[in-house]
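**Q** From these two lone chains plus the hints, build me the complex, please.
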Amino acid sequence: DAGVTQSPTHLIKTRGQHVTLRCSPISGHKSVSWYQQVLGQGPQFIFQYYEKEERGRGNFPDRFSARQFPNYSSELNVNALLLGDSALYLCASSLWGLAGGFEDTQYFGPGTRLTVL
Amino acid sequence: AQKVTQAQTEISVVEKEDVTLDCVYETRDTTYYLFWYKQPPSGELVFLIRRNSFDEQNEISGRYSWNFQKSTSSFNFTITASQVVDSAVYFCALSEARGAGGYQKVTFGIGTKLQVIP
Chain A
1 DAGVTQSPTH LIKTRGQHVT LRCSPISGHK SVSWYQQVLG QGPQFIFQYY
51 EKEERGRGNF PDRFSARQFP NYSSELNVNA LLLGDSALYL CASSLWGLAG
101 GFEDTQYFGP GTRLTVL
Chain B
118 AQKVTQAQTE ISVVEKEDVT LDCVYETRDT TYYLFWYKQP PSGELVFLIR
168 RNSFDEQNEI SGRYSWNFQK STSSFNFTIT ASQVVDSAVY FCALSEARGA
218 GGYQKVTFGI GTKLQVIP
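Read top to bottom, the protein sequences are chains A and B. Residue numbers for the first sequence follow our numbering, so the first one is 1 and each next one is one higher. Residue numbers for the second sequence follow our numbering, so the first one is 118 and each next one is one higher.
Excised from the complex, chain B in its bound form (with noise of 0.2 Å):
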């Protein structure tokens, strides 16, 4: 079974502050992909990131960086000096091959709801 935890449903923080939203998936696939999307008010899905299961380096992009750490099974995602534009529902993704004639599942976490308090 495929499972995406995001335990924080709700995250506040002061502007310029670090934030770190937390992703723990579940699969017994090996080979799988992992995403980052941010969804703000507008409810377009945007996409951040995507990461394969064999490369475990960790990426910046600008203020934004992701530790995948297949050991625990965690892909976790830091905002640095946190900005208002970064308030958002950010989602962690699971995708995985399924299917005799192979098809993309997609599996969401929960969401966790970022608010940049100015």
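Next comes chain A alone, as it looks inside the complex (with noise of 0.2 Å):
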């Protein structure tokens, strides 16, 4: 079975400019989680969707949104792009379970490199 896919891979972009990053769950995952890993640190949480809602969002700027699709799949944007956006986003899936989804395990995708200049 395909894991966890995003893309692109990398990406280059200016300040101010704006990004959408995708990503696809494993197939039969309902929630998808973002998050962003600055080099030399811990991922941190940004958003989890599940069930095309966002059901939580961690500690960043209203410039960073997001949505999943009726087929779970989902988008990362971010606008008006600063320098220290510059990192590894990862996506992550997991099935949801009863319990409201805190007991799953997330599963992650390779991630894409920003890169802002």
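Honestly, the hints are just simulated from the structure, not real lab data. Positions of the beta carbon are idealized from the N, C-alpha and C atoms, including for glycine. Everything hinted at is true.
Counterexamples of contact, computed for chain B against chain A with all Cβ distances above 12 Å:
| id | residue |
| --- | --- |
| 1 | V136 |
| 2 | R145 |
| 3 | G179 |
| 4 | W183 |
| 5 | Q186 |
| 6 | S188 |
Computed list of lysine-lysine pairs in BS3-like fashion (alpha-carbon distance at most 27 Å, straight line):
| id | chain 1 | residue 1 | chain 2 | residue 2 |
| --- | --- | --- | --- | --- |
| 7 | B | K230 | B | K187 |
| 8 | A | K52 | B | K222 |
| 9 | B | K120 | B | K155 |
| 10 | B | K187 | B | K155 |
| 11 | B | K155 | A | K30 |
| 12 | A | K30 | B | K222 |
**A** Below, the structure is given as structure tokens:
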């Protein structure tokens, strides 16, 4: 079975531009989460989506937004890019269990490496 | 507040040595989950283990073993007879339920970079 896929692999943008990152979850998984990983740090939670609804949001500015589609794939959008947005953006998918998902194992994609110049 | 501490930023060992990666967590919840992930240079996080807060049994999987001690809020990871392929960054993570509707907030530690020298 295919794992979590993300596109593009790498992206170079300039300050002030907008970027869209894409993620396809593992077949059968209904929840997608997004993380930002700055070099030398652990992943930081941005969003979790389930059944097309935002279920949770981390401490990120409104420049960050996301959505989930009927096929459970997801997009992460970042507006007005800043140099500090340069990072590896990771997408994770999970089943979403009866307890609201927090017991789930999240499986990660290869990430999109965003460089903002 | 949740917090995951991995005090060892980098560890170097010679191949075939045993190595233990430490993880200490903080939470006020009684029900939570702990994870270990491996991140090789390619960048993808690879799931290794999940443990819930009510299961304190140690677990062994091949050369890997995990020691969960609730009394000390620790979830340590030991690699026995390390190999060069074990070189990676290892992350400990804490998962709790959050929000009225419920969602999974996962907090990661800073990671421990393991280098296994041949």
